[in-house]
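Protein chains in written order, with my numbering: chain A, 1 to 289; chain B, 1 to 289; chain C, 1 to 289.
Fair warning: there could be bad hints in the mix.
A pair counts as met if it fits within one copy or between any two copies, since identical chains are not told apart.
[What the hints assert, rightly or not] Each computed SDA-like pair below joins lysine to any residue, with the alpha-carbon atoms no more than 25 Å apart:
id : residue 1 : residue 2
1  : LYS171    : SER84
2  : LYS237    : PHE268
3  : LYS282    : SER165
4  : LYS79     : PHE19
5  : LYS171    : ALA223
6  : LYS79     : ALA14
7  : LYS282    : SER214
8  : LYS3      : SER213
9  : LYS3      : GLY143
10 : LYS237    : PRO88
11 : LYS237    : ALA55
12 : LYS185    : ASP278
13 : LYS258    : GLY45
14 : LYS282    : ASP13
15 : LYS261    : THR2
16 : LYS79     : ASP121
None of these hints come from the bench; they were simulated from the model.
Values in this document were obtained by computation on a predicted structure and should not be read as measured data.
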Amino acid sequence: MTKSRILVQLDSDAQPSVFDAVVAVDSGVDHLLQHGSVTLDQVQGLVHGAMFTRAPSDLHNTAVFIGGSDVVVGESLLKATTDSFFGPIRVSVLMDASGANTTSAAAVVAAGRHLDLAKTDALVLAATGPVGQRVVRLLGAAGANVKAASRSGQRAQHLVDRVTSGMANLKIAAVETSNDDQLRKAIKGVQLVIAAGAAGVELLPVELRTCNSSLRVAIDLNAVPPVGIGNVDAMNKATELDGVVTYGAIGVGGTKMKIHKAALTRIFESNDVVLDIDEIYKLGLELEA
Amino acid sequence: MTKSRILVQLDSDAQPSVFDAVVAVDSGVDHLLQHGSVTLDQVQGLVHGAMFTRAPSDLHNTAVFIGGSDVVVGESLLKATTDSFFGPIRVSVLMDASGANTTSAAAVVAAGRHLDLAKTDALVLAATGPVGQRVVRLLGAAGANVKAASRSGQRAQHLVDRVTSGMANLKIAAVETSNDDQLRKAIKGVQLVIAAGAAGVELLPVELRTCNSSLRVAIDLNAVPPVGIGNVDAMNKATELDGVVTYGAIGVGGTKMKIHKAALTRIFESNDVVLDIDEIYKLGLELEA
Amino acid sequence: MTKSRILVQLDSDAQPSVFDAVVAVDSGVDHLLQHGSVTLDQVQGLVHGAMFTRAPSDLHNTAVFIGGSDVVVGESLLKATTDSFFGPIRVSVLMDASGANTTSAAAVVAAGRHLDLAKTDALVLAATGPVGQRVVRLLGAAGANVKAASRSGQRAQHLVDRVTSGMANLKIAAVETSNDDQLRKAIKGVQLVIAAGAAGVELLPVELRTCNSSLRVAIDLNAVPPVGIGNVDAMNKATELDGVVTYGAIGVGGTKMKIHKAALTRIFESNDVVLDIDEIYKLGLELEA
Numbered sequence: 001m002t003k004s005r006i007l008v009q010l011d012s013d014a015q016p017s018v019f020d021a022v023v024a025v026d027s028g029v030d031h032l033l034q035h036g037s038v039t040l041d042q043v044q045g046l047v048h049g050a051m052f053t054r055a056p057s058d059l060h061n062t063a064v065f066i067g068g069s070d071v072v073v074g075e076s077l078l079k080a081t082t083d084s085f086f087g088p089i090r091v092s093v094l095m096d097a098s099g100a101n102t103t104s105a106a107a108v109v110a111a112g113r114h115l116d117l118a119k120t121d122a123l124v125l126a127a128t129g130p131v132g133q134r135v136v137r138l139l140g141a142a143g144a145n146v147k148a149a150s151r152s153g154q155r156a157q158h159l160v161d162r163v164t165s166g167m168a169n170l171k172i173a174a175v176e177t178s179n180d181d182q183l184r185k186a187i188k189g190v191q192l193v194i195a196a197g198a199a200g201v202e203l204l205p206v207e208l209r210t211c212n213s214s215l216r217v218a219i220d221l222n223a224v225p226p227v228g229i230g231n232v233d234a235m236n237k238a239t240e241l242d243g244v245v246t247y248g249a250i251g252v253g254g255t256k257m258k259i260h261k262a263a264l265t266r267i268f269e270s271n272d273v274v275l276d277i278d279e280i281y282k283l284g285l286e287l288e289a
Numbered sequence: 001m002t003k004s005r006i007l008v009q010l011d012s013d014a015q016p017s018v019f020d021a022v023v024a025v026d027s028g029v030d031h032l033l034q035h036g037s038v039t040l041d042q043v044q045g046l047v048h049g050a051m052f053t054r055a056p057s058d059l060h061n062t063a064v065f066i067g068g069s070d071v072v073v074g075e076s077l078l079k080a081t082t083d084s085f086f087g088p089i090r091v092s093v094l095m096d097a098s099g100a101n102t103t104s105a106a107a108v109v110a111a112g113r114h115l116d117l118a119k120t121d122a123l124v125l126a127a128t129g130p131v132g133q134r135v136v137r138l139l140g141a142a143g144a145n146v147k148a149a150s151r152s153g154q155r156a157q158h159l160v161d162r163v164t165s166g167m168a169n170l171k172i173a174a175v176e177t178s179n180d181d182q183l184r185k186a187i188k189g190v191q192l193v194i195a196a197g198a199a200g201v202e203l204l205p206v207e208l209r210t211c212n213s214s215l216r217v218a219i220d221l222n223a224v225p226p227v228g229i230g231n232v233d234a235m236n237k238a239t240e241l242d243g244v245v246t247y248g249a250i251g252v253g254g255t256k257m258k259i260h261k262a263a264l265t266r267i268f269e270s271n272d273v274v275l276d277i278d279e280i281y282k283l284g285l286e287l288e289a
Numbered sequence: 001m002t003k004s005r006i007l008v009q010l011d012s013d014a015q016p017s018v019f020d021a022v023v024a025v026d027s028g029v030d031h032l033l034q035h036g037s038v039t040l041d042q043v044q045g046l047v048h049g050a051m052f053t054r055a056p057s058d059l060h061n062t063a064v065f066i067g068g069s070d071v072v073v074g075e076s077l078l079k080a081t082t083d084s085f086f087g088p089i090r091v092s093v094l095m096d097a098s099g100a101n102t103t104s105a106a107a108v109v110a111a112g113r114h115l116d117l118a119k120t121d122a123l124v125l126a127a128t129g130p131v132g133q134r135v136v137r138l139l140g141a142a143g144a145n146v147k148a149a150s151r152s153g154q155r156a157q158h159l160v161d162r163v164t165s166g167m168a169n170l171k172i173a174a175v176e177t178s179n180d181d182q183l184r185k186a187i188k189g190v191q192l193v194i195a196a197g198a199a200g201v202e203l204l205p206v207e208l209r210t211c212n213s214s215l216r217v218a219i220d221l222n223a224v225p226p227v228g229i230g231n232v233d234a235m236n237k238a239t240e241l242d243g244v245v246t247y248g249a250i251g252v253g254g255t256k257m258k259i260h261k262a263a264l265t266r267i268f269e270s271n272d273v274v275l276d277i278d279e280i281y282k283l284g285l286e287l288e289a
């Protein structure tokens, strides 16, 4: 008899995410075990319960999803999960706290539809947030020349140091964008800008967006008005605006959802995958092919 | 592919109700997402998770149930839920905290089997509780002449003011029933009495029940002995007693359960219904037809 | 229509056990209602929700599982559950907090494959723990001559007093094993030793295990190295070692899992069974037949 698909949802928030739960159900999960307020010390017991209940040949039908609004906590829950494995006795795991992995992967996938990323000069606004730092990492790994921008030059530099640690070939530079002059200078000559800021914060006003004639693609990941890039509506999806291809948060959302579901499907195909940002982006590229 | 039915159970109690969960499963819910200790500030995130995961044409397969033993909190959770909707992007919702809506609807439906409510003089005992106030509202809206009784005349008056606010045509009066004389006077001439008191409190002793020759129907909603209306057994279901048709809490329970299940079915037929007391009573009437 | 199988999982831990949940799903449970941090005062409401939602003829499709790492709390949750029943209006319940019931039953079942328990002299190490005391009880009830050993003679005596209370025919004696001399004396002449100690504590070193030529079967229930009985690997399953049949924790685990699943099947066959240690051991024996 085929075992039913069981997903263990580990969420650091008090209420486990309904969003993640519905997507799991729609991806074919039969039984969802929802756990909220999950702390590091609880992970091993929960993951061992997933590992030690089914025969090794059935373990691909049990998997772990790590969510919650705090991405840093999510990363530590992921580590605690993989630290609980015993060699081949393990289950697959998908990490998408705050949707940061699927969102950043979708944004870079969208950019790649219109640009050869390896030859692109890119500016990432609000680069130090959970989505921004993943976008920087993915663009850098794709060979782009990346400016990682933050209102704090120091925070931007810390991020760049972290992302490029042990990967000297990445072309990533920190830039401070605490005023319009710095912003105007930062955007000069780039073909791609991705804004990964908090809800309701305008990062790039219209006049600065349109002052750069080399700009080809602008992607804004903030769905709550005011949008992060002036006049880029949340619904925009490869929408031309002043000669620039633009995407809004909802326009990227369809790709994000496809990647999320493909990742949920993937973790039930074998018991040995760990889907974090790089693997999720790779899945996103495969969906485009 | 038809989407499976997902119900988001928002319960203000620490442990989400097993009662509500079993009824949901028996009404065809495929996946139940149970949330306990739900607070007002958590509602929007949970409801948005229900709204933003499926295509608009599939949204009728996701719904919200609001439960918990505290009816006032349940009302505020309902408001927070509907406040989270964005125009047509919404899901249907059923509010039945403490079973107050289905219980009061079932009681009035039962009364309507034997009386023309528009021509009925009714007495509601313990009218200020969550079930009592809904019974008063439904009887009043059906055109009955209602005495809303409480041991505190002031609380009774507050209730009447609230229920009749903006509905001047309702015939509802407050009565104080803090002693037997007041009670004897209150029951005089009524054809219907409904007792909606707390478990184990006798609201109407036998001698007062039988002193009114005009009484036709007596309904007691307290299942825990001593019953709320003298000698009206909890199992009574249209049972004649001293020339009066009587219902006990369990006797009304079958109708309550049918209404509860019909309401759960209804919220999966479209994504735009909000089932609160008036809509639930209307459903109950349709089941009688 | 056949009702789906609903299992109410009452767990005293903050996170309800994933282990118990997966086994429940694999035993045919359709809907699992998981409750963590369950306290005594919450049990009645939860159990009444299971009792009062389906017709009596359907009640066998709803059942309660009691888990959690604290076996003493589990016992009190079991009592609160059965105290909530009203005569024939009840549901079946399985108690296996910390896996203590299925583990001890599996150990004694394994021993019974190789020995006539009624004619066996047995030594139980760490007898005062939740698994140990159940092993003592089962061996005693099977007619064995049991030495219940603890590093504290007083605690061992308290256990024996409790187990033999009202059952004067049981042959159970307390022994203190706080040093090697006491241990050597305790093991002398026994055919069976079962070690039920905490993870990572060696209760019986190799030299003491091999000093008793009458020993036939040695069972160790600790899976975390160092094992509880010297050189008895956790994977051992009727493995001969120095002329003794040995079982390790994982070797017993297969039988434990079969018993666990059979118990979960059993509680959905009728609505009137309470599966605690004695009933679970009986089920284990039936599986051997």
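So, going through the hints one by one against the coordinates:
no., hint, verdict
1, LYS171 / SER84, "neither (35 Å within a copy, 43 Å between copies)"
2, LYS237 / PHE268, "neither (31 Å within a copy, 31 Å between copies)"
3, LYS282 / SER165, "within (21 Å within a copy, 61 Å between copies)"
4, LYS79 / PHE19, "both (23 Å within a copy, 20 Å between copies)"
5, LYS171 / ALA223, "neither (29 Å within a copy, 50 Å between copies)"
6, LYS79 / ALA14, "both (20 Å within a copy, 21 Å between copies)"
7, LYS282 / SER214, "neither (28 Å within a copy, 63 Å between copies)"
8, LYS3 / SER213, "neither (57 Å within a copy, 46 Å between copies)"
9, LYS3 / GLY143, "neither (42 Å within a copy, 41 Å between copies)"
10, LYS237 / PRO88, "between (43 Å within a copy, 21 Å between copies)"
11, LYS237 / ALA55, "between (45 Å within a copy, 17 Å between copies)"
12, LYS185 / ASP278, "neither (30 Å within a copy, 62 Å between copies)"
13, LYS258 / GLY45, "between (31 Å within a copy, 21 Å between copies)"
14, LYS282 / ASP13, "neither (28 Å within a copy, 39 Å between copies)"
15, LYS261 / THR2, "both (21 Å within a copy, 17 Å between copies)"
16, LYS79 / ASP121, "neither (33 Å within a copy, 48 Å between copies)"
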